[in-house]
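2 protein chains.
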Amino acid sequence: MPRWKPDARQRLVVAALRLFAEQGYDNTTVAEIAERAGLTRSTFHRHFTDKREILSAGQTTLSRLLVEGIADAPADSTPMGAVAAGLERASGEMTSFNRELSPLLHAAIEANEELQERNALKSIGMAAAMVGALRQRGVPEATAQVAAELGVLAFKLGFTRWADPARDDAPGELATLTLSALDELLAAAQRLD
Amino acid sequence: MPRWKPDARQRLVVAALRLFAEQGYDNTTVAEIAERAGLTRSTFHRHFTDKREILSAGQTTLSRLLVEGIADAPADSTPMGAVAAGLERASGEMTSFNRELSPLLHAAIEANEELQERNALKSIGMAAAMVGALRQRGVPEATAQVAAELGVLAFKLGFTRWADPARDDAPGELATLTLSALDELLAAAQRLD
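Chains A and B are the protein sequences, given in the same order.
For the record, in the first sequence the residue sitting at position 146 is 146 according to full-length UniProt numbering, with numbers rising by one throughout.
For the record, in the second sequence the residue sitting at position 6 is 6 according to full-length UniProt numbering, with numbers rising by one throughout.
Simulated from the structure, these hints should not be mistaken for laboratory data.
Hints may contain errors.
The list cannot tell twin chains apart, which means a pair is met if one copy fits it or any two copies do.
[As the list claims (entries may be wrong)] Pairs of lysine to any residue residues, derived as SDA-like cross-links and limited to a Cα-Cα distance of at most 25 Å, are as follows:
1) 122 <-> 142
2) 122 <-> 47
3) 156 <-> 141
4) 51 <-> 22
5) 122 <-> 81
6) 156 <-> 179
7) 51 <-> 81
8) 51 <-> 142
9) 51 <-> 156
10) 51 <-> 190
11) 122 <-> 11
12) 51 <-> 132
Excised from the complex, chain A in its bound form:
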């Protein structure tokens, strides 16, 4: 097998997103996804429970990385410093595979209401994970909620810029884009009156 060949899991994700965009999420079966990826159904089920999990697996990882980054921030970090550490940890794990997948994922989401809901819930899950991690550090509730919402908005804005095909940032630069988005959003918050 050539070294550049994507692994089975990645092939399943790409095949699924292509099918979702082409024929709709509801109309796509696990059998079709496996076939498009050149794999068997039982290989599919070694990686994912069902087609829905293809989209939620990334979310679980993302929330875990945010929480770890916040928990590992130095004890004297401010709440925003801790959020920045979480974003940096999560950004650092995103690869060019995540970036290349982004237009496909976007097309699949645009075409299906259930996927739009899943995507919206992803933001809620990220925010809840960050609030929990900040509360663990003793950050007061209101501050934790505001800091977490700014963190979610920053990650989404940074990721959107990074995934823009008109840009050519290296994968490692997602963290830079996300942290500068966090600075922008914090500045916007502090100008509010």
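Given chain A's structure and the hints, the job is docking chain B onto it.
Same frame as chain A, but now just chain B:
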């Protein structure tokens, strides 16, 4: 019919939430909801398409009120002033029925994952509605997103305090609680560094 008797729509909502809490959302049928409310299935369907709509109908109204309040704010309002106007409009429409329903709604949501998702999506819908209304006023994107998130957090916090059975604020006081939550959250945002 005594004047205090709730209307058919309210009776259906109360019956549905009681059944969701008692036996689960998934196990509850439209026929059971109508029966518990002492109404027919065809009356149910004059008010709601299906049981899911019982929970989403309030959300549509809420988003509309937020948008109207923001749109009608004076032209020289700041973004936060416009958000406050939206919250005030929405709060003003909540009645003691909304408050009394809150523990039932909470119990039904706690018991069912789909309802937890619906509830999370409600926040997303409120935020999106407010971002759209702020953008219409020419508020820049980042500012609109931050202001809208603060607005959602403020409404949730204000509503939670108002619905707390240990409190005895009059229905009209939801606006006061929500606007003071908005002040708290803005102060928390401005202390971030």
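How the hints compare with the structure:
1. 122 <-> 142: The answer is both: 21 Å in one copy and 20 Å across copies each meet 25 Å.
2. 122 <-> 47: within (20 Å within a copy, 32 Å between copies)
3. 156 <-> 141: both (23 Å within a copy, 13 Å between copies)
4. 51 <-> 22: Within. Shortest intra-copy distance 15 Å satisfies the 25 Å Cα cut-off; inter-copy 32 Å does not.
5. 122 <-> 81: The answer is within: 23 Å in one copy meets 25 Å, while 30 Å across copies does not.
6. 156 <-> 179: within (11 Å within a copy, 28 Å between copies)
7. 51 <-> 81: neither (37 Å within a copy, 44 Å between copies)
8. 51 <-> 142: Cα proximity of residue 51 and residue 142: none, with 37 Å in one copy and 34 Å across.
9. 51 <-> 156: Close inside one copy (24 Å), not across copies (33 Å); limit 25 Å.
10. 51 <-> 190: Answer is neither; intra-copy 42 Å and inter-copy 43 Å both fail.
11. 122 <-> 11: Within one copy only: 22 Å inside a chain, 34 Å across chains, cut-off 25 Å.
12. 51 <-> 132: This pair counts as neither: shortest intra-copy Cα distance 29 Å, inter-copy 32 Å.
Figure legend: structure checked against the earlier numbered hints; hints not met, in rising order: 7, 8, 10 and 12.
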